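Please model the complete structure; the sequences and the hints are all you need to start from.
Protein sequence lines correspond, in order, to chains L and X.
For the first sequence, this note's numbering begins at 90 and goes up steadily by one.
For the second sequence, this note's numbering begins at 90 and goes up steadily by one.
Calculated directly from the structure, the hints in this document are not laboratory data.
Remember, predicted model here, so these are calculated numbers, not experimental data.
Among the hints, a few may not be true.
Partner residues are not named here, just some residues of chain X that face chain L (Cβ under 10 Å, in silico) [what the hints assert, rightly or not]: (1) Y129; (2) Y184; (3) D189; (4) T256; (5) T365.
We put the CB at the ideal spot given by N, CA and C, even for glycine.
Number of protein chains: 2
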Amino acid sequence: MSKEITPRTTDYSQWYNDLVLKGGLADYSAVRGCMVIKPYGFALWENMRDRMDRMFKDTGHVNAYFPLFVPRTFLEKEEGHAEGFAKECAVVTHYRLKADPGRKGALIVDPESKLEEELIIRPTSETVIWNAYRDWIRSYRDLPLLINQWANVVRWEMRTRLFLRTTEFLWQEGHTAHATAEEAVEETRRMLDVYADFVENEMALPVIKGVKTANERFAGAVDTYCIEALMQDGKALQAGTSHFLGQNFSKAFDVKFLNRENRLEHVWATSWGTSTRLIGALVMAHGDDNGLVMPPRIAPLQVVIVPIHKGDEQKALIDAKVHALMSELRAMGISVKYDDSDNARPGWKFAEHELKGVPVRIALGARDLQNSVAEVARRDTGEKASVSLDGLASHVRNLLDEIQANLLHRARAYRDAHITRVDTWDEFKKVLEEKGGFVSAHWDGTGETEERIKEETKATIRCIPLDNPAEDGACIFSGKPSRERVLFAIAY
Amino acid sequence: MSKEITPRTTDYSQWYNDLVLKGGLADYSAVRGCMVIKPYGFALWENMRDRMDRMFKDTGHVNAYFPLFVPRTFLEKEEGHAEGFAKECAVVTHYRLKADPGRKGALIVDPESKLEEELIIRPTSETVIWNAYRDWIRSYRDLPLLINQWANVVRWEMRTRLFLRTTEFLWQEGHTAHATAEEAVEETRRMLDVYADFVENEMALPVIKGVKTANERFAGAVDTYCIEALMQDGKALQAGTSHFLGQNFSKAFDVKFLNRENRLEHVWATSWGTSTRLIGALVMAHGDDNGLVMPPRIAPLQVVIVPIHKGDEQKALIDAKVHALMSELRAMGISVKYDDSDNARPGWKFAEHELKGVPVRIALGARDLQNSVAEVARRDTGEKASVSLDGLASHVRNLLDEIQANLLHRARAYRDAHITRVDTWDEFKKVLEEKGGFVSAHWDGTGETEERIKEETKATIRCIPLDNPAEDGACIFSGKPSRERVLFAIAY
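In structure tokens:
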């Protein structure tokens, strides 16, 4: 069973699908646009989730769980929010099936079970959560309320891609309530930093922190902050967003609190989210033509050991050495698997572990044992080295750190080489077409210009970077004056 | 803000609701039959989930995630399954809303977005998962397949109760595939043991392991095994089920494998599940008229410390001692909170921590400090003791173990005292009416008798215990011969 991977240069999109499907991360399902997250992909998600969850708790948040269903009239309450999500909602209209009198064994929707008010499968939970907060918040003493939820959500997308854009996906959504606008903005920025920290340091993926333009804002937000990453095909990917919601939802759901001066005020809100989409980003940022490349810190499996032997006697000697090594590695908190199944040859196993992106592979043969060495291969560079068995566990631990650092370094070098400053419309188009990546350019600040640029080039403003220097210039499209550059890109 | 708890003897049902709502575990939501799991309740669920998850992984299972949606025709494929679930299905029929032309700001279902085939929100995932397994299983080498999923499910219940029976609930569902019937039965029994181990040793709730009668079997199962617990009002509660599914689903979804003899065979299946319903069981099994009582091993918070002081000087001395104690406790893996907020008096705090069921409360006052002691109160018995500060952390650690053991002991004593052997119909009815609990009685083995007994008394056969001795007797209802006793009870 060979698992051929389409090279990136041949068909980048097919290469991505090959990695996801053949790497065992996910599979298509029988339901349009929905995927199955397979055990290897889910183990990756568990590692990502657990680390993020720890970071959320360390910044004072607690988890809760709110209903899957959003009553239709809830969605209507915040106008911008309704406009943003109404067109992609899965709608529950009935609550019962019954036997089809015409076809034996078949079921039909029971028309008598029609709901008085339709229920939407949550595309996000602001409405349901702010409806609950109305009962939970009385005074400033109840604030801040710092709640996160891990959940599935549904957005009826017309064009779907495994992990990147699926009808149902898994995510976390933080929903916090504050006494002042300043505090809420601070929280919005804090969670953006948490996301950037996670994506850069755990996923080895460098990001640019910025704020969205009005056109690209979350439906119902006053300000949307984001982290933007760059994929190997030069397209950008939004890796996480954090929204300052002002008093939009507290007004829509009438959530007020008694402030320290004993006056009733509407509560200030934030929401922030990341999703299984991050797995798509990880695949596209680090993968190569041999398969997935997992960053060691979140890899489902960090080290695999393959024995190379003839006969049981050699195998027994190797086994003894391997079991001692595994104990040492596990004591260091490193996950390791001994792949000594006898239904595949070492070469096949090597290819399989490469495909799955296991950061470090150790091969141990009878002659190696005599020489007290093992062959250690690193997935990121493909380099192999003969390493002394003495101190091998420490060597592996350091190597995992080195691989993690190298992946980030490599992705950052690529990203930095793909931020291009341009000052003319021709340059702008040329860079987008020939080089891709982020294009740093002046923009006149209007939604109309932004829309026109998108129509002509497919590029959108990914963000206005947070650390943007002031710089006078002229809009590449309209020529009108501009006070700072923004980052354009074609995006996933 | 006083939080009065209705005593059990006054209104058991209201007592339960008071504990769930005022104890901060959950809240009603705007959607009929759906609840919000509040942070304190969710922290409890996280502890339960993490421990079960560890036990599943230790028995060789991995997690995955399958779609929320079940195509209507999937449900039709296994007849018994369809009959069991068709009447309580939330049905998605459309995928878009649009502006209501008649009412500004209002939304209506867009009739043009009608789905060709309706989608059911999963009430359980056998159909979706076995449809996927068809592509995943080729030969005996792919077996066993041992997969678990943590997910939300929806069953449209007419009468709902917080945690015990909600339209949407959280659960885990294991779905395994095997090469032989024997292996599948072994797996079914293994997971029943895992459930019993978890519920008894972590939740301190004794259970009876047994097998269901045909009437009470899971829709689509060959055999349903269960663990049954007893609540303080004498009603039984099914705490977990493990099903041997035979080849029902592999036949319905045409899942075959090449066996060692190179012949195609249908795969053998199991499924097993536990849910947030367990939280309802925990509340009802251990709670008292002062509130919740959390078993230490899964308590969201194990120890709370309350300072009793006048003025900042005393407070500073107490603080120093408390911080040292907290470090010691945390080093032992014990969760502890210092409740030194100054917006409530100690008495109010004591009541609040009792309501929340925190296993151990430590009060430390200025005079205590002089005497080098603290007041330690245990939630299970209400006993208070003056304990030397020297070695206090070890004392607390032992006390937590003692409380865990005592809760199990107490619940077991109650349960054992409420298993009543009866031999006549009059006795049977009298015990059910006056004493409650499990009634051990002879039954003629027919579904008709079982149904009649249920109609007349509301009691169902909870299970045929696994360790049941053979015993000749006469059915309490029909007088026909019987070879063993079964356990009846009125159940949640």
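Now for the hints, and whether the structure bears them out:
A distance limit of 10 Å between C-beta atoms decides the matter here; for X:Y129 the minimum to chain L is near 8 Å, and the interface restraint holds. Because the beta carbon of X:Y184 sits about 4 Å from the nearest beta carbon in chain L, less than 10 Å, this interface hint is met. Because the closest C-beta pair between X:D189 and chain L is about 9 Å apart, less than 10 Å, the hint holds. With 10 Å as the threshold, the beta carbon of X:T256 comes within range of chain L, its nearest partner Cβ sitting at about 8 Å, so the hint holds.
Because the smallest distance between the Cβ of X:T365 and any Cβ of chain L comes to about 9 Å, under 10 Å, the interface hint for this residue holds.
The structure agrees with every numbered hint stated previously.
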